[in-house]
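Peer 1: Given the coordinates of chain A, assemble chain B onto it according to the supplied hints.
Residue numbers (this note's numbering), protein chains in the order written: chain A, 1 to 110; chain B, 111 to 922.
Heads up, some of the hints might be wrong.
Output of the computed footprint for chain A on chain B, the stretches with three or more beta carbons under 8 Å from beta carbons of chain A [stated by the list, open to error]:
| hint | segment |
| --- | --- |
| 1 | 123–134 |
| 2 | 143–150 |
| 3 | 185–192 |
Calculated from the structure, these hints are not laboratory results. Ideal Cβ positions, reconstructed from N, Cα and C, are used throughout, including at glycine.
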Amino acid sequence: MNFLIIFIVTAILQLFMPWWTIALIPFLVMIWRAKSGFHSFITGFLAIAFLWFSYGLYSHLSTDGIMSNRIAEIFSLPNGVLLLIVTTIVGGIVGGLSGLSGYFVRKSVQ
Amino acid sequence: MKFVKAISTIILTIILVYALNRPWGPVPALGSFLSPFTGFWQNGEKISDPKGETVLKLDSLRDEVTIRFDDIGVPHIFAKNDFDLFYAQGYITAKDRLWQMDIQTRAASGRLSEVLGPATLEMDKNSRRLGMAYGAEVNAKIALSDPKSREALLGYTAGVNAYIRQLAKKDYPVEFKLLGYEPELWKPINTMYMLEQMTLTLAGRSNDLNMSNVLKKYGNEVIKDLFPDYPMLQESPIIPAGTVWNFEPLKIPTAKTAVTTDSVLINESPKPEIKPEGIGSNNWAISAEKSITGYPILANDPHLELTLPSIWYQVQLHSPDLNVCGVSLPGIPSVIIGFNQNVAWGVTNVDADVYDRYKITFKDASQSSYWYDNQWKPTRKREEVIFVKGQSEPYREQVTYTHHGPVTKYSDELTGSVNLATRWIGHEPGNSFLTFYELNKAKHYDDYRSALAKYVGPAQNFVFADNGKNIAITVNGKLPLKRKDQGKFLLDGTNPDDDWKGWIPAEQNPFVKNPPRGFVSSANQSSTDPSYPYYINWIFSPSERAIRINERLEKMASGNADSLRMLQNDNFNVLARTVLPKLLSILEKTPLNSTYKAAQQVLTDWNYQNAPEKIAPSIFEEWLPALRSAVWNDEFESPNAPLAYPSRDRLLYMILKQPDAKWFDNVKTPQKETLSDVTIASFKAAVDTLNARHGAMSPSWQWSEVKDTEIKHLSRSLKPFNAPHLKVGGGTGIVNAITKRNGPSWRMVVELGPSPKAYGIYPGGQSGNPGSPYYLNLLEKWEKGELNELVYLSSPDQQNPHLTSRIILKKK
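This is chain A alone, in the form it adopts within the complex (with noise of 0.2 Å):
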């Protein structure tokens, strides 16, 4: 539920926010209904993983890579598919380290 809540929400506020709307989400979800430490990290990080994968994967399919591959070299990644994993995680850890922050100042104040 968290996930579908963080996913969602994330995904509409990024439509007109600032790319940092991707830490605070997951940490308002995590102070609201965070449930144990470990939950919180792996939630936010797979909901903006998930979310920042898809749209990207949908972007490099859909114009068969011709930007993301020619990224990817400027990197020195050998591909746009790698330059998406590294995008999937980048954006997960923020999301993650997000959530966990929510969780322990949930946790500071109960």
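Peer 2: Frame of chain A, contents of chain B only:
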């Protein structure tokens, strides 16, 4: 403990977000750059939907505009008035080329460092010191005071800005995201910057300092011998020799002998004084008698540095009083090279001597007055402020202006430093835009002549053909009235005799209409033979391309567009034909080992074609420069005080007609070298170089591999945005003038007639976005030397199998 954990994870998260939210050196802020919602992922594009129709409601439009796209991405714009027409041109050009427009304007106005940091500060300083901004400001004032150019500039500006205003950050071209800055709004003066940049590229240098150094070192006799004012061996001037000058020339300032008192100038920041060969162009038109269509056919291929995005942008512009098609320069309204229902035109560079330097004597270090005509004359100062990314304080410099132009300090071996003012056509007020505007609407020869009279610079050879079956070429631009060779050397800034004495009247610029030979042509060679009364320049591009073009056009009968296309792709090496038999005859007399023998054999069997798969051109093109160095370096190589080198024509003349000239001897060795010695030594050196770089002779010696033509992205640093390896022939002095970095930036052929048929191609694509299918879609055809038929519509609803999507602009 709970708080500690909470606060530490929050801090950790904040640090991570902070780190991802700022650039690190060349790495952009990764958070927004990687986010699929805002980053580079947003810049991938698809082939546009062939049936797509978009309606955009925009500010300040006056009426509805329809834009049809064809299958290679070219916009065909239909508007009801000039303002809307140029508005739409600005809008669509920005849509495809916004970053290019931004970075080129910044380069021209000396504002690169604002976004790129200290690395580009020297470049910015140079363009400020040269007075690029000064020239643009002067020209903008004039352009905005003329109703026609004002309408065009304001329309174009409004269009570009309408596009920029509707952009969300995620829509910014990827270069902005990578470099971490934002597009700024367009201004009418930016168009003047683009014209100024063109003037810089094509007429922004001179060899006068290096020539003065030669004069100082060797004196007038050597200058007369080695640096003649007209090619000695071969030339085929633009205006055919024997053309009668039907005018009474103005009084020409009397000649004076060059003085040798100038001190030798030391070049502290060595920069090329001479335009690299390969920046130039070809154009020609054949008469109705020579063509199979019964109407003239015109061709043009401007040779410039090949970049991505291309310097050109294809467009068709249609309004109630014009219907023009061809290529534009992003940032400049109208079509620069193209055709309409009645006429076609093209340009090549003249290479007029319009960049002179004057030695200035200041009263004191404040530079507030300078000695001129036996009195102190006050200077003007212009403060140049350059903002530099990452530095809190801008760089400031007071540039001193004399009546000649802005002053720059150079080093010199006698006094330590010398102040030189630059008199440059780029500072001359005018409205060159009007020339293109009027050519766009031209109906016949007289319109062409009157459009040309408004042009200032960079001087161009305007080739022309019309449906009245006229063909013509004009060496055109505002050309200073000077004495012979004035500006071949450094000039005296204190002496009024050395000033430019006015202008050659526009109608007396060299031109020819419907010459008996049935064609007109130019390839940057000498404008005229020595009979023309005025001085334009003492040296022009070498004559080989012109000779080849004129030979082939001379023989041409029943020509069509394809015959002209094939001539554009002609790989014949006139230089080799001229000199190689002589060089090979020298080699024959000497024993060679098997490696050299093999190379000699390849050259002996060569048909003088610089074809991509041939090995002979690789050897020849390595050999000739080696021979040139072997002959001249001992006398002319001088890293600190650079000397001009004698021309290629002069070297050929010496090899063929003066085999015993003293210059063949290497003065740095005790023994006496002969033509034969330097020929053999340079041949061996060339083969050794090829061996060292490419291994033993094999397919890796093929001309296309050795030449290794590359087309770089404008950033010059983002390699993945460059074009892939190209397999192309041609070369320096070849009609198909593709060198390593320069070449035919646009090839066009137009068959005039009741319904004109035109063909064209450039290496790249309409879109400047490396993530677009239209980024490189024209490259392969260009590489093969093929042309696209240009879609030329007469109404927005015309049926044509090449048409795809449409955009309709409506006023809000």
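Peer 1: Would you mind marking each hint as holding or not holding in the structure?
Peer 2: Cross-check of the supplied hints:
Closer than 8 Å: that is the beta-carbon criterion, and the segment 123–134 of chain B has 5 residues meeting it against chain A, so the requirement of 3 holds. Counting residues of the segment 143–150 of chain B whose beta carbon lies closer than 8 Å to any beta carbon of chain A gives 7, which meets the minimum of three for the stated coverage. Under the rule that three or more residues need a Cβ within less than 8 Å of chain A, the assignment of the segment 185–192 of chain B is violated, with 0 such residues.
Going down the numbered hints, you'll see the structure goes against just number 3.
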